[in-house]
Amino acid sequence: MKRFYLRWGGVLVIGVIICLFGLARYQREVSHIPIEKFLDEKPTRAVRVLGMVVGGSLNRGGAGEPIQFTLSGTGAQVPVYYQGEDPENLRELKKLVIYGRWNPEEQRIESETILGVPNYGFVSWAYLVTLIPMTLFLFNMERKVALLYIMIKEEKVYQSEESA
Amino acid sequence: MHFFNTIRWIAWKDLLSEVRNRENISSMFFFALIVIFIFSFSFSLDPRTVQEVMPGIIWVAFGFTAIIGLGKSFLAEVHNDCMEYFQMLPVPKGAIYLGKFIGNVLFMLIVETILFPLFVLFFNLDVLEKFPQFLLIFGVATVGLSALGTLFSALTVQVRAREVMFPILLLPMAVPIFIGAVEATRGVFNGDAFALYSHWIQLLVVFDVIFVIVSFWIFEFILDF
Amino acid sequence: MILNRFIRWLGRYEGWFGGGAALCIGIGLYMGLVTSPPDYYQGEVVRIMYVHVPSAKTSLFAYLVLFIGSIWYLWKRDPVIDNMCHATAGIALFYVGTALLTGSIWAKPTWNTWWTWDPRLTSFAILFLTLVGYLMLRTFLDDKEKEATFAAILAIIGFIDLPIVYFSVEWWRTLHQPMSMSVRGISFAPEMLTPLILMSIGSSLLFSYMLMVRTQMLYLERLLEAKQGRLLSETRL
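So the protein sequences, as listed, match chains S, X and C. Residue numbers for the first sequence follow the working numbering, beginning at 505 and rising by one. Residue numbers for the second sequence follow the working numbering, beginning at 195 and rising by one. Residue numbers for the third sequence follow the working numbering, beginning at 480 and rising by one.
Honestly, the hints are just simulated from the structure, not real lab data. Note that the structure is a prediction, hence the values are computed from the model and not measured. Beta carbons are placed, not taken as given, at the ideal position from N, Cα and C, and that holds for glycine. Don't take every hint at face value.
Computed cross-link-like contacts, DSS-like style, restricted to lysine-lysine with a CA-CA straight-line distance of at most 30 Å [unchecked claim]: (1) S:Lys-506 - S:Lys-541; (2) S:Lys-541 - S:Lys-599; (3) C:Lys-706 - C:Lys-587; (4) S:Lys-506 - S:Lys-599; (5) S:Lys-506 - S:Lys-598; (6) C:Lys-587 - C:Lys-536; (7) S:Lys-506 - C:Lys-706; (8) C:Lys-587 - S:Lys-648; (9) S:Lys-546 - S:Lys-598; (10) C:Lys-536 - S:Lys-657; (11) C:Lys-587 - S:Lys-598; (12) C:Lys-625 - X:Lys-207; (13) C:Lys-623 - X:Lys-266; (14) C:Lys-555 - S:Lys-648; (15) S:Lys-648 - C:Lys-536; (16) C:Lys-587 - S:Lys-599; (17) C:Lys-625 - X:Lys-266; (18) X:Lys-207 - X:Lys-266; (19) C:Lys-536 - C:Lys-706; (20) C:Lys-625 - C:Lys-555; (21) C:Lys-706 - S:Lys-541; (22) C:Lys-555 - C:Lys-536; (23) S:Lys-657 - C:Lys-706; (24) S:Lys-599 - S:Lys-546; (25) C:Lys-555 - C:Lys-623; (26) C:Lys-706 - C:Lys-623; (27) S:Lys-598 - C:Lys-623.
Partial list, computed: chain C residues near chain S (C-beta under 7 Å) [said to hold, decoys possible]: (28) Ile-527; (29) Val-530; (30) Ile-584; (31) Val-611; (32) Leu-614; (33) Met-615; (34) Arg-617; (35) Leu-699; (36) Arg-701.
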C-alpha cells in the first residue's frame, strides 16, 4: 500500500508542477488587462490590453500606412497607433486584444500586433472535465485492487484445500 | 415439422389464455385510453396543432401500451414454473421465441386497431379512408417493437426490478422504430404521396428483419438455464 | 488456447501500457495546448478536439471490444471474459460520458448551443443509455452465470442497434433541421494532426491499461466473495 501511495503522490506532484508551469505561461503569454487598469499603471513594458474599437474612430491610412483608432473599456478610452501588417480582424465595434506599449509623449498605445480575444474558458473546462475524472477513476480502481489483494491475503474464513 | 408446431402451439396457447381471462389486452387497452385522455388535457388541441403532434401522441400511447403488454409476456410462465418445460422442449429454442413473438404481435395489433378509431373519434381526425396505409405502418412498427420487446421481456422477467429494467432496456434501442413510425404516420396525415414516406417503412422493415433474426438466434442462450 | 496465452503475455506488460499512455497523453497535451496553431475559424476552441475526438474514438473501440467479448463469452463461457466485458462496459461508459461532456462544451462556442440532435450526438446518448442499462441489468441479477449471459446478449443487441439508430437520426434530422449547423471543416495542419494522433494512441493505451486494472479488480472481488464462503452463484428468482 505504501508503494501505491508513493506512486500516486508522485503523479500528484508532477500534475501540480505541470499546472503551475501552465499558469505561469498563461500569465506571461496569453493573459490581458482591461484599459482602466492599464491607464492606472501605465507600465513601461509591452502588455496586452483588452478593449472594443470605438465606432467611427477607425482611421485606416493607405496600404502600409499606420492605422489609428480609439479603444474603449467600460469607462475609459485610449487612442491606439498601430503599425504592422493589415490585420483581418480589425473592425469597428469589435473586441480585440492589443499588444503594445504606452507612449507617454504622444499619450497613446503604440502597437505592432493585434490579437483576437482568446477564448480559453471552454477549452480549460473541457480539459478539466476530461482529466480530473480520468485520474480519479484510475486512482480508485488501482486503490481497490491494492486493497483487495490485502483483504484476500488476510481473509482466513475459508482455507483452500491444499493448506487444510 | 415439430418446429412449426411448437410455434403454432405457443401462439395458440397465449391467444387462448387471453380469450379466457382477457388480462393482457384489456390492461393494454385501458392504459392507452388513459394516455389519450391525459394527452388531450396536456395540450391545447386546435385542429392545426393536432396535425402537428398527433403522430407523436399515437406512438407514445402505443409505446406505453407495448411496455405494459410485452413486459408481461413471460410472466405467466415464470409464475406457473413453466420455464423449465420450455427449456426441455426438444426443438430449437428460437421456436419458443417465434411463438411468443407472434402472440405479442397479434395482441398489439388488436389493441392498436381498437385504439385507432378512438383516436379518430376523440381528436376529430379525417383519415379513416387511409386506414390501409396506417395498418401497414402499424404492422411493421409493431413487428419491430415486439421483436425487441419479446426478447427483453425474456431477459428481464428473471431480474429483480423487472418493471424498471424492461423500459430502460427497450426504449433506447427502439428509437429507430419510434422515429420511423412517427415520420411515416406524419406523412400519411399530411396526405403525402406514398413515395415520400416509404423510406421510413423500408427502415422499419430492415429493423424488423435484423432483429427478428438476431433475436431468434440469440434466444437459444436465454433459456439455457 | 493461444489467445488466452497471448492475453496473459500482454498482462505481464501492464505497466508498460500505463507508462506508454502517460507518455503519449503528456506529449499530446503539451503539443495540443501549446505548440499546435489555433484554427482559422474556431480559434483556440479547436483545442477541445484533442480530448474530444480521442475519447469518442476510444469509446467506440471499447464498445467493439465489448461486442467481441460478449460473443466470445457466449461461445466459450469463460468467467474471466465475463469479467473483462463487465470492466469494458464500465470504462466505455466513462469514455462515452467524457465524449458527451466535451462535445457539449465544444458545441457551445461553435454551434452556440449546448445540445443539438445531431446523429453523432444522439447515437452517443443512446450508447450511454444502453451502457447504463447494461450495468444496471448486471447489478439486478444475482446468479453470476445468468448475469454474464444476459449482459452479453444485451451488448450484442445494442451493438447491432447502434448503426440503425445513427442512420435513422440522420434521416430524421435532414428532414426537420436542415444541416445549418454542420461542422465547418477544420483544415488540418500537420501540427494539428500530430497531437491528435498522439492523444488517440495514448487514449487507446490508457483504455487497455484501465481494462487490465479493472478486470483484475472485478476478478479479485469475485475471488474475495468466494473466499468469504459465499457461493459464486446463488439462484434467486
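Results of checking the hints against the structure:
1. Taking the CA atoms of S:Lys-506 and S:Lys-541, the gap is about 50 Å. The hint is violated against a cut of 30 Å.
2. A distance of roughly 17 Å separates the Cα atoms of S:Lys-541 and S:Lys-599; the hinted pair therefore holds under the 30 Å criterion.
3. For the proposed pair C:Lys-706 and C:Lys-587, the alpha carbon gap of about 51 Å is over 30 Å, so the pair is violated.
4. Note on S:Lys-506 and S:Lys-599: the hinted pairing is violated, with a Cα-Cα distance of about 53 Å set against a maximum of 30 Å.
5. With a C-alpha separation of about 57 Å, the suggested pairing of S:Lys-506 with S:Lys-598 is violated against the 30 Å cut-off.
6. For the hint pairing C:Lys-587 with C:Lys-536, the CA-to-CA distance comes to about 21 Å; that is within 30 Å, so the pair holds.
7. With a CA separation close to 25 Å, the supplied pair S:Lys-506 and C:Lys-706 stays within the 30 Å bound.
8. Distance check on the hinted pair: C:Lys-587 and S:Lys-648 sit about 37 Å apart at the alpha-carbon level, beyond 30 Å; violated.
9. Simply put, S:Lys-546 and S:Lys-598 have alpha-carbon atoms about 23 Å apart, close enough for the 30 Å limit, and the pair holds.
10. Among the hinted pairs, C:Lys-536 with S:Lys-657 is inconsistent with the structure: their alpha-carbon atoms are about 39 Å apart, more than 30 Å.
11. Taken as a hint, the C:Lys-587 and S:Lys-598 pair is honoured in the structure, with Cα atoms around 20 Å apart against an allowance of 30 Å.
12. Distance restraint check for C:Lys-625 and X:Lys-207: the Cα-Cα separation of roughly 27 Å lies within the 30 Å cut-off, and the hinted pair is therefore satisfied.
13. Using a Cα cut-off of 30 Å, the hinted pair C:Lys-623 and X:Lys-266 holds, with the two alpha carbons roughly 24 Å apart.
14. A threshold of 30 Å between alpha carbons decides the hint, and for C:Lys-555 with S:Lys-648 the separation of about 28 Å falls inside it, so the pair holds.
15. Between S:Lys-648 and C:Lys-536 the alpha-carbon distance is near 27 Å, which keeps this suggested pair within the 30 Å criterion.
16. The suggested pairing of C:Lys-587 with S:Lys-599 holds, with an alpha-carbon distance near 19 Å, which does not exceed 30 Å.
17. Restraint check for C:Lys-625 and X:Lys-266: satisfied, since their Cα atoms lie roughly 20 Å apart, inside the 30 Å limit.
18. Restraint check: the Cα-Cα separation between X:Lys-207 and X:Lys-266 comes to about 15 Å, which is no more than 30 Å; the hinted pair holds.
19. Between the alpha carbons of C:Lys-536 and C:Lys-706 the distance comes to roughly 39 Å, so the proposed pair goes past 30 Å and is violated.
20. Distance check on the hinted pair: C:Lys-625 and C:Lys-555 sit about 14 Å apart at the alpha-carbon level, within 30 Å; holds.
21. The hinted pair formed by C:Lys-706 and S:Lys-541 fails the criterion: a straight-line CA distance of about 68 Å is larger than 30 Å.
22. This hinted pair checks out: C:Lys-555 and C:Lys-536 have alpha carbons roughly 28 Å apart, not beyond 30 Å.
23. A threshold of 30 Å between alpha carbons decides the hint, and for S:Lys-657 with C:Lys-706 the separation of about 10 Å falls inside it, so the pair holds.
24. Pair hint S:Lys-599 plus S:Lys-546 holds up; C-alpha atoms about 21 Å apart against a cutoff of 30 Å.
25. A distance of roughly 15 Å separates the Cα atoms of C:Lys-555 and C:Lys-623; the hinted pair therefore holds under the 30 Å criterion.
26. For the hint pairing C:Lys-706 with C:Lys-623, the CA-to-CA distance comes to about 16 Å; that is within 30 Å, so the pair holds.
27. A distance of roughly 63 Å separates the Cα atoms of S:Lys-598 and C:Lys-623; the hinted pair therefore is violated under the 30 Å criterion.
28. At about 4 Å, the closest approach between the beta carbon of C:Ile-527 and any beta carbon in chain S falls short of 7 Å, and the interface hint on this residue holds.
29. For C:Val-530, the interface hint holds, the least distance from its beta-carbon to any beta-carbon of chain S being 4 Å, beneath 7 Å.
30. The criterion of a C-beta within 7 Å of any C-beta in chain S is met by C:Ile-584, whose closest approach is roughly 5 Å, and the hint holds.
31. Restraint check, C:Val-611 versus chain S: the minimum CB separation of about 16 Å is more than 7 Å; hint violated.
32. Restraint check, C:Leu-614 versus chain S: the minimum CB separation of about 14 Å is more than 7 Å; hint violated.
33. Taking 7 Å as the C-beta contact cut-off toward chain S, the hint placing C:Met-615 at the interface is violated, the least distance being around 19 Å.
34. Because the beta carbon of C:Arg-617 sits about 17 Å from the nearest beta carbon in chain S, more than 7 Å, this interface hint is broken.
35. Nearest Cβ of chain S to the Cβ of C:Leu-699: about 4 Å, under the 7 Å cut. The hint holds.
36. Here the hint on C:Arg-701 is broken, as its CB sits about 10 Å from the closest CB of chain S, past 7 Å.
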